[in-house]
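**Student:** Take these sequences, add in the hints, and give me the full structure.
Here is what each chain is made of, one letter per residue.
Number of protein chains: 2
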Amino acid sequence: MADQMMHSTGAGAGSVWRVNVGTDEIQYQSLPDGWQHLGGRGLVARFLLDDVIATCEPLGPYNKLIFTPGLLVGHMLSSCDRISVGGKSPLTGGAKEANAGGTTGLQLALLGIRALIIEGAPRSSELRLLVLEKSGARFEPAADLAGLGVYETASRLVERFGPKVALALIGPGGEMQLSGAGIQNLDKDRVPARIAARGGLGAVMGSKKLKAIVINAEGGQKPPIADPVLYRQAQKTFTKALMDHPQVHIYRDYGTAAMPRMAQGFGGLPTRNFSAGAFEGMETISGEHLRQMLLDRGGDSETSHACMPGCTIRCSNIFGDEDGKAVVSPLEYETISLMGSNLGIDSLDVVARLNWQVNDLGLDSIEIGAALGVAAEAGLLHWGDGQRALQLLDEIRQGTPLGRILGHGASTVGKIFGVLRVPSVKGQAMSGYEPRAIKGTGVTYATTPQGADHTCGLTIRAKVNHLDPKGQVDLSRTSQINNAGYDTLGACVFAGNGFGAAPETIRDLLNARYGWQVGADILQVLGRETLKLEREFNIRAGFTKADDRLPEYMTYEQVPPLNPVFDVPDEELDQVFNW
Amino acid sequence: MADQMMHSTGAGAGSVWRVNVGTDEIQYQSLPDGWQHLGGRGLVARFLLDDVIATCEPLGPYNKLIFTPGLLVGHMLSSCDRISVGGKSPLTGGAKEANAGGTTGLQLALLGIRALIIEGAPRSSELRLLVLEKSGARFEPAADLAGLGVYETASRLVERFGPKVALALIGPGGEMQLSGAGIQNLDKDRVPARIAARGGLGAVMGSKKLKAIVINAEGGQKPPIADPVLYRQAQKTFTKALMDHPQVHIYRDYGTAAMPRMAQGFGGLPTRNFSAGAFEGMETISGEHLRQMLLDRGGDSETSHACMPGCTIRCSNIFGDEDGKAVVSPLEYETISLMGSNLGIDSLDVVARLNWQVNDLGLDSIEIGAALGVAAEAGLLHWGDGQRALQLLDEIRQGTPLGRILGHGASTVGKIFGVLRVPSVKGQAMSGYEPRAIKGTGVTYATTPQGADHTCGLTIRAKVNHLDPKGQVDLSRTSQINNAGYDTLGACVFAGNGFGAAPETIRDLLNARYGWQVGADILQVLGRETLKLEREFNIRAGFTKADDRLPEYMTYEQVPPLNPVFDVPDEELDQVFNW
Chain A
2 MADQMMHSTG AGAGSVWRVN VGTDEIQYQS LPDGWQHLGG RGLVARFLLD
52 DVIATCEPLG PYNKLIFTPG LLVGHMLSSC DRISVGGKSP LTGGAKEANA
102 GGTTGLQLAL LGIRALIIEG APRSSELRLL VLEKSGARFE PAADLAGLGV
152 YETASRLVER FGPKVALALI GPGGEMQLSG AGIQNLDKDR VPARIAARGG
202 LGAVMGSKKL KAIVINAEGG QKPPIADPVL YRQAQKTFTK ALMDHPQVHI
252 YRDYGTAAMP RMAQGFGGLP TRNFSAGAFE GMETISGEHL RQMLLDRGGD
302 SETSHACMPG CTIRCSNIFG DEDGKAVVSP LEYETISLMG SNLGIDSLDV
352 VARLNWQVND LGLDSIEIGA ALGVAAEAGL LHWGDGQRAL QLLDEIRQGT
402 PLGRILGHGA STVGKIFGVL RVPSVKGQAM SGYEPRAIKG TGVTYATTPQ
452 GADHTCGLTI RAKVNHLDPK GQVDLSRTSQ INNAGYDTLG ACVFAGNGFG
502 AAPETIRDLL NARYGWQVGA DILQVLGRET LKLEREFNIR AGFTKADDRL
552 PEYMTYEQVP PLNPVFDVPD EELDQVFNW
Chain B
2 MADQMMHSTG AGAGSVWRVN VGTDEIQYQS LPDGWQHLGG RGLVARFLLD
52 DVIATCEPLG PYNKLIFTPG LLVGHMLSSC DRISVGGKSP LTGGAKEANA
102 GGTTGLQLAL LGIRALIIEG APRSSELRLL VLEKSGARFE PAADLAGLGV
152 YETASRLVER FGPKVALALI GPGGEMQLSG AGIQNLDKDR VPARIAARGG
202 LGAVMGSKKL KAIVINAEGG QKPPIADPVL YRQAQKTFTK ALMDHPQVHI
252 YRDYGTAAMP RMAQGFGGLP TRNFSAGAFE GMETISGEHL RQMLLDRGGD
302 SETSHACMPG CTIRCSNIFG DEDGKAVVSP LEYETISLMG SNLGIDSLDV
352 VARLNWQVND LGLDSIEIGA ALGVAAEAGL LHWGDGQRAL QLLDEIRQGT
402 PLGRILGHGA STVGKIFGVL RVPSVKGQAM SGYEPRAIKG TGVTYATTPQ
452 GADHTCGLTI RAKVNHLDPK GQVDLSRTSQ INNAGYDTLG ACVFAGNGFG
502 AAPETIRDLL NARYGWQVGA DILQVLGRET LKLEREFNIR AGFTKADDRL
552 PEYMTYEQVP PLNPVFDVPD EELDQVFNW
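For the protein sequence lines, the chains are A and B, in the order given. Residues in the first sequence are numbered consecutively from 2, following this note's numbering. Residues in the second sequence are numbered consecutively from 2, following this note's numbering.
Hints were generated in silico from the structure; no laboratory data involved. No experiment lies behind these values; they were computed from the predicted model shown. Careful, some of the hints might be misleading.
In this list, chains with the same sequence are indistinguishable; a pair is considered to hold if it fits within one copy or across any two.
Mimicking SDA-like on lysine to any residue, the simulated pairs with C-alpha atoms at most 25 angstroms apart in a straight line are [said to hold, decoys possible]:
#  : residue 1 : residue 2
1  : Lys135    : Val230
2  : Lys326    : Arg422
3  : Lys210    : Tyr557
4  : Lys189    : Asp347
5  : Lys223    : Leu296
6  : Lys165    : Ala327
7  : Lys241    : Arg315
8  : Lys189    : Ala521
9  : Lys210    : Arg422
10 : Lys223    : Val519
11 : Lys210    : Leu381
12 : Lys546    : Asp51
13 : Lys464    : Asp522
14 : Lys464    : Ile54
15 : Lys546    : Glu572
16 : Lys464    : Leu563
17 : Lys326    : Asp395
18 : Lys223    : Leu50
**Tutor:** Laid out in structure tokens, this is it:
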């Protein structure tokens, strides 16, 4: 609990900044003994378990919003400067960590912050800013930003605080405390579209009445490195392994948008609210098509773009319209599948416009795409009708009852309109992989403490028969452990291509930076500890194995064209965390 | 499971009628050995546990809708002909039994039916009727009744099937599968306002695409009595004890509406979304005021009215308007508090019009009253604005997004509009007793497997200090056991005044009717077994002690005028079922 933290009076000595939005008290504390080896998702889980009442109301006074840079954050190591954001999820009711690229993690690390904890109940409904600087934290009024989208908000804040700040901010979705709201972060070009998307953490930030956190690292410095020689060597090895990996070249050419063809090949491309696994319009939303469009259009368009300073993968892009004018950045596979094939939409131009809107609203494009899919099944839009989908996003912006229903995500839409086919687990929508066709990912969706989420353990690249229920639990377990580990390091999952090829570099980087003596299995050690902490939080919050299941209809409704059902036995699902 | 039932081919031999709405197969089975001692709520719980997958989707193919007359039903024993309806609740996700007076229980018993089980997934979205007769069960089309309110529906069905039938039917709320929908039953005067209200069982009936169940007991007979002499003697003793009880005289004069003064006296009258326990307009919604109004108005008005044939308590009423024309029957305390003081409304004329509307929609007036209270806190209506409340009920009738939100109940309204003060437990709204001021009832709300529900264990009449957290767990436990027992007998809770004064009559009535040899503690034996079965179902469905809690805000927000918080310790709450 908070009492265990060592207190100090100045910002300089503390790596844990604790901000109470009710009393305006700000404390600078040390990370407790025994927690030093954690960062990112692992540190979120540790704080959740020890510092947050697991049964608390997610939008009430006892929940806390936690920002933790990963362990490797602070040195622009390629793809390893991610920020984890956590709290009790208003969407799932369980432990939640969502991470993002951009510059927030790096800037927090430059201020020496290992964890920023926002707690308490605001005394007023007026929005504020939280400004973090070397001298400490302070509040500023932000009533003038109320209701603004994240693009306009970011633009005003950059003008007010200068081009070097990092921002973590919410849009109207977070202000309305919608369960689909995330927290946006600036990318290296100050575009506020690197979203800690999942689980409704934007609503938690909204409940604390913070419109944005402004991080000004001026006067800060990179975290110390205990053994610079070892560090440089490991960094070199890692970077080479990453650059040499064939998959990384695919990311650079096509980004994540390379996935539609692959997913469709397995019969696993979510189509029309997960009622099919293949989409007749797939080719025009494919990465290959996307790349050609961007090359043809030129102008602002970029086929390869880095979200974090120093990233060598550069999987991002800038999507330009027919005149080459930027529409949105990035346009990624999850959005392409959930707001494209999942809605029967075969135009990337339409998907890009939808994407800009959800970004500006500060909402998770996966959750909202899935919500629109369920809404379509309820008769609220026709498959493929992008104009109507845009209208529905405008309902969210207006805060109408229908808009609020949509903004709370797929499960809420299903409940309100009586739709049984809701592709969610623990209240959180599935991402762009049909779990009946990619069964290992189905195991991950079912069992991860986070609610359905491919980033917790995607299995589509494994060389297995994805339709065979056998072996999927082992596959998911390994992937879940590794991903929890990467999320604790602050490493992008794609950095795993480099770490996978040179696993000893994780050990070396950590030992070199922190002066530790960890072993070669540190990734799995961190991953297992993180999962264990999250599971324990969820148990205290009231979760049971009944929550570790896919939606009932997926066990009896076949999904064409390959027509599998989800048939990994419940007893096997209950063995995922039995390692 | 179903396989354990003994099958037969004719209606005559079976007391369990099992109707599959998908295959249209109808089976007539015997009650399994070992279940014969159960009826009503206890038999619902037994079927739920053995026959329903606890983790199933409440509105999906695996849930079942179960009708069970109580053990004493069939002989017009005063206040003991209630029908229990059960299933997995779409509102709470747990075991649900809601019971009602009227004629459904009696007519089912005359057909020899101990349990009617409706199961399967309908093949078509078209509404049907299920007609039960001596010769068996059959379907009839009912598309012509789609969207009709329960009053018009009942009137048409009585015309079609004759004045002697009993009906169990749903309104637009059930058709829309709203979680606040109940199942209406005819009273002895064919008014369809005896509602099995709580937990959304009307939505389950809607999911099975049944608009009504028509029960024609022609040719049926009263259930056999093993020892008529003993039965008549026990009946006489019970009836006298009931008639002599002073509380019964109060029910006859004032009905349940006697309660506002009493609740307010304890600081426990829910006022303005449970933000206060006393209402400045209480006198004009009191039972004393109600009685004088009805006496003054005359015409259709009746101050005392029986809902079931043979009831000697006659706690019901007919509320007439200024010209004496019937507005609604009955007008009861729960509606008066939830749609009166809870909305800041001090006019019984307004409450009566709201009551007619929710009745006609086939919705639970407690859940909808609480939903409107939360909606008022969200700014959707002003306190006391009955006209706006009527408009909001019309939104439900129109099936607008806002109407659907309201129809799903208080928790859904709170979630959609970001209101923390939601007076619900397990997703079900509290009834007319503020749990911070009547703490024993707070313990019941928190811990009953049914979700917040005073009928599971009201403690307001106990001679204790209701503000003192000590002893409330014992008080609630006793009350929960007794009430589960009464619900298993099919006895109205008010019959408990008679049984309480002559407890041996329960033993004698059961032994005389069934030829059993049960002891004097049979009420508690049945009550404990019922609660144990319900708890086990809930555990399988994923409930934990985290679900046995009042809303968080009630633990830190004082409720004026007496300003208590709810402070019965969690550890004590966890001991309620430890007997």
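**Student:** Could you tell me which of the hints above the structure violates, numbers in ascending order?
**Tutor:** 1, 2, 4, 5, 8, 14 and 18
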